[in-house]
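**Student:** Now for the letters of each chain:
Protein chains: 2
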Amino acid sequence: MQTPAGPKGTRDFYPQDMALQRHVFDSWQKTCRRFGFEEFEGPMFEHLELYTQKSGEEVERQLYTFTDKSDRHLALRPELTPTLARMVAQKGSALKRPVRWFAIPRLFRYEKMQRGRLREFFQLNMDILGIADVLADAELLAAVTATMLDLGLTAQDFMIHVSSRKLLEQVCAALGMDAPLRGKLYGVLDKLNKLPPEIFAEELAKCLPDTTQRGAIESLLRARTLADVAALYPGLPALDDLQTLLDYCAEFGIADSVAFDIGIVRGLAYYTGIVFEVFDTMRTLRAIAGGGRYDDLVKRYGGPDTPAVGFAAGDVVLAELLKAKNILVPAVPRCQVFIVAFDDAYPGLAIRTAAAIRRAQIACEFSLKKTGVGKQMEQAHAAQARFVLFVGGDEGRQGAVKIKDMADGTETTVNVADYIDILKRALQ
Amino acid sequence: MQTPAGPKGTRDFYPQDMALQRHVFDSWQKTCRRFGFEEFEGPMFEHLELYTQKSGEEVERQLYTFTDKSDRHLALRPELTPTLARMVAQKGSALKRPVRWFAIPRLFRYEKMQRGRLREFFQLNMDILGIADVLADAELLAAVTATMLDLGLTAQDFMIHVSSRKLLEQVCAALGMDAPLRGKLYGVLDKLNKLPPEIFAEELAKCLPDTTQRGAIESLLRARTLADVAALYPGLPALDDLQTLLDYCAEFGIADSVAFDIGIVRGLAYYTGIVFEVFDTMRTLRAIAGGGRYDDLVKRYGGPDTPAVGFAAGDVVLAELLKAKNILVPAVPRCQVFIVAFDDAYPGLAIRTAAAIRRAQIACEFSLKKTGVGKQMEQAHAAQARFVLFVGGDEGRQGAVKIKDMADGTETTVNVADYIDILKRALQ
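Protein chains in written order, with the numbering used here: chain A, 1 to 428; chain B, 429 to 856.
With the rest of the complex left out, here is chain A (with noise of 0.2 Å):
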């Protein structure tokens, strides 16, 4: 038969492939718990009502649905907040707030093949619960910052995004829309950093045939600064929040990578504060992360009220900004030591040699199938081993080992007793 290949959408991680992977999830848990967050985790599909009475029309459209042999409805999970709602609602009051969780779960979105979108993809998640005040906000915003730093990216290579969907709210109360009206409003101006602006305008005007409306949102549009907003509607309380949150990123330290943006609304139902996205500086890419306060959705779920703020990472832009930028990976090697075995020593003393020296914590490989010296030292080179331990033959009979530094080339001979100590103390 011909080789078949994976389904549309996924990915094969090879070694190479997974030591990327493997670096950027390191990375992300090692920021997350000196932020102070715990890890958890969810089931890998919900039932379908999970979603489909949360999350809005995006995700809903985009769902891997099945039904299970009890006809059962279930959906891959398209993202993981409403399976954390989920948990915190079921919980009720039992557990303690703030809830400071991470997680990097995989996800599943049925979409369009683009450039930085697959079907199925990783992120990293951070959310806070129990806690109303932008402060929250700001520590997450601190939190993703963090994390770009801490893969190797720096201030230059990013921008956060802020706005507010109360901001939105008031305005649009403020020019007498509807709540109908207004969703279908922010659906079309999460599209204005997407589409062509005469496209856009398009929408805009087939969303809102109201002329002043539309014309007071357009204005809206032009702001650049949380001050022609305040111009256009003085005193609106959604200011106040964006300005504070501000404040906190100043002394956060992280000022210079946070801007306020009217154009960030996200797509999602649920969001019902700040909302802010992640772009690379040049605005090559899609998003590279995003998020917002949803103090309702847990109230939602059937839990009691709880003001909550997170934001989710994806792994496939993040690794294209990392390419862009030629963040190299450091190359894990696969073995430490490989033992070359002369004909004598195979296989017997080879696997006693590698059983002793994995039990001192070293790792450490031999040939599984008899061969000669040269071929088992191309099998040294392709494991990348930094040393190579020759056993058996005339060292051998005189209780002796071989040693190689692969790094230097040199050789020592030492005593069947000490090699393991010395390899020990080589590799610290």
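Careful, some of the hints might be misleading.
Said to hold, decoys possible - Distance condition first, Cα-Cα at most 25 Å in a straight line; then the derived SDA-like pairs of lysine to any residue: (1) A:Lys370 x B:Glu466; (2) A:Lys323 x A:Thr281; (3) A:Lys30 x B:Phe441; (4) B:Lys519 x A:Thr10; (5) B:Lys798 x A:Leu246; (6) B:Lys803 x A:Glu38; (7) B:Lys798 x A:Gln243; (8) B:Lys803 x A:Pro304; (9) A:Lys96 x B:Lys797; (10) A:Lys96 x B:Ala759; (11) A:Lys375 x B:Arg461; (12) A:Lys112 x B:Thr495; (13) B:Lys830 x A:Arg33; (14) A:Lys370 x A:Arg386; (15) A:Lys375 x B:Arg525; (16) A:Lys69 x B:Tyr538.
As the list claims (entries may be wrong) - Partial list, computed: chain B residues near chain A (C-beta under 10 Å): (17) Gly434; (18) Gln457; (19) Glu469; (20) Asp561.
As the list claims (entries may be wrong) - Here chain B is said to cover these stretches of chain A; the calculated rule only asks that three of the stretch's residues, wherever they fall, bring their Cβ under 8 Å from a Cβ of chain B: (21) 22-34; (22) 95-102; (23) 291-305.
Since the hints were derived computationally from the structure, they do not count as laboratory data. C-beta: ideal position from N, C-alpha, C; glycine also.
Since the structure of chain A is provided, determine the placement of chain B on it from the hints.
**Tutor:** Just chain B now, kept in the frame of chain A:
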């Protein structure tokens, strides 16, 4: 609304559950790397045919299947071996042999819920491809032993039971059974240790109405050692393989953990040689791990002829064993330093202090809500912080901070310029 639960057979991992999982996964990773294995991963679902054609009935019945919006037939992966074989087949001979890969996949089987069995679970997979010699099988038995010992289990806690598909095949051929009958018989024999003896006898009689054949198999099943089998069927080549395997295991120093067991068959259709399962010594749990040789699979997926051997260990039974043996997971505190801020320091100085401590790579938190010192101390306890740093107040006015060591209650007042170095040294 009422809070919905997650789907049946899945788990929610709250942070303390996740801590156990992270501990097991980290330990698995470490063992694999010590044995010179590289990590890989594949998609969470595959084209349905990847399973229906190769893995045999047991797996097929348990698939979660679904159709995507382009009418592709897909299935959540019930095991990783077909994906591994597909990935190796796709690279053809470009992939250097031996391939020594591990993975910690999440898997899905729609089956009856039992103790130690869930519908969504994790496994450790280790595979060696490109080596026909049973030395590779022995290397994997050494590796599976190390995974158990590294988790704190002892050689007294478990036993690896080994047999050989080839041995069964050679016996069945000597008894004149054709391939379809052999396949049926393997399915029955796989239940030897799982069914009450009288039910097993019934199933065997149904499968083998020929009393000569049945009598011969019943005699075979009474064999306790390779010598017992050799007495019944002298000179079977598969016996030599098993003897060599046991000899190699002795060289690896794991002879006491490995025993011949004619009752080990393995349900999957693709095994071709040595097969093995790991059980707790008391046999109170399901198999902890299982594996064997599958020399034909890569070729069947269109790749080059590639001998292969591998095993999988599940997380659910293992967790039960760790619990039964009272092996505790070391607690990981949520943060190292908690900042308690007096009113004059909140939030500005608290934020700046947290930012500085985190920049020093120290895990740190502070209250995200303005509250009294007592409430902040409660938060510090909940976060299991090793040190509490008091900022602001009287000390603050004198350019100092107070550090409380939560391990012994001692308090030190230090200059504000020095606290990071002091914390760094104390936490080393």
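**Student:** Taking the hints in turn, state whether each one holds.
**Tutor:** Hints and how they fare:
no.: 1; hint: A:Lys370 x B:Glu466; verdict: 22 Å, holds
no.: 2; hint: A:Lys323 x A:Thr281; verdict: 15 Å, holds
no.: 3; hint: A:Lys30 x B:Phe441; verdict: 19 Å, holds
no.: 4; hint: B:Lys519 x A:Thr10; verdict: 17 Å, holds
no.: 5; hint: B:Lys798 x A:Leu246; verdict: 18 Å, holds
no.: 6; hint: B:Lys803 x A:Glu38; verdict: 21 Å, holds
no.: 7; hint: B:Lys798 x A:Gln243; verdict: 18 Å, holds
no.: 8; hint: B:Lys803 x A:Pro304; verdict: 21 Å, holds
no.: 9; hint: A:Lys96 x B:Lys797; verdict: 14 Å, holds
no.: 10; hint: A:Lys96 x B:Ala759; verdict: 18 Å, holds
no.: 11; hint: A:Lys375 x B:Arg461; verdict: 22 Å, holds
no.: 12; hint: A:Lys112 x B:Thr495; verdict: 16 Å, holds
no.: 13; hint: B:Lys830 x A:Arg33; verdict: 24 Å, holds
no.: 14; hint: A:Lys370 x A:Arg386; verdict: 22 Å, holds
no.: 15; hint: A:Lys375 x B:Arg525; verdict: 12 Å, holds
no.: 16; hint: A:Lys69 x B:Tyr538; verdict: 8 Å, holds
no.: 17; hint: Gly434; verdict: 5 Å, holds
no.: 18; hint: Gln457; verdict: 9 Å, holds
no.: 19; hint: Glu469; verdict: 4 Å, holds
no.: 20; hint: Asp561; verdict: 6 Å, holds
no.: 21; hint: 22-34; verdict: holds (count 3)
no.: 22; hint: 95-102; verdict: holds (count 4)
no.: 23; hint: 291-305; verdict: holds (count 4)
Hint violations for this structure: none, all hints satisfied.
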